[in-house]
Amino acid sequence: MLALAHHIEQRIAAGAFRDRAHAADVFGLTRPRITQLCALTLLAPDIQEEILFLEAVRGAQPLSERALRPLVRILSWSEQRRLWSSLRS
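In this text, residue positions in the sequence shown follow this note's numbering: the first is 3, and each later residue adds one.
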């Protein structure tokens, strides 16, 4: 999901997609869903790196975009990190 968000943002920046609405049409998703995914790119870089390299653990609940929504609403990366730490434990 985070990799897709970066892909969409890069394609918009490169002019391959006009905007997020165009990306939504291409991927068959709703505009709000594209916005939710792209919001993940607002996370602190180190949090994004951890998410990208998370491994699946049998029996563990996977990390969802919905679980990350409170983090992306926080502008301060240090505050994001604090909340991320509590989310992971």
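Honestly, the hints are just simulated from the structure, not real lab data. Note that the structure is predicted; figures quoted are calculated from it, not measured. It is possible that some hints are incorrect.
Listed next, with one range per pair, are the computed distances between beta-carbon atoms [said to hold, decoys possible]:
| hint | residue 1 | residue 2 | range |
| --- | --- | --- | --- |
| 1 | 81 | 30 | 19 to 27 Å |
| 2 | 17 | 85 | 30 to 38 Å |
| 3 | 77 | 34 | 32 to 40 Å |
| 4 | 17 | 84 | 34 to 42 Å |
| 5 | 91 | 18 | 34 to 42 Å |
| 6 | 80 | 3 | 35 to 43 Å |
Cβ atoms here follow ideal geometry from the backbone N, Cα and C, with glycine treated the same way.
Hint numbers the structure violates, sorted upward? Failing hints, ascending: 1, 3, 6.
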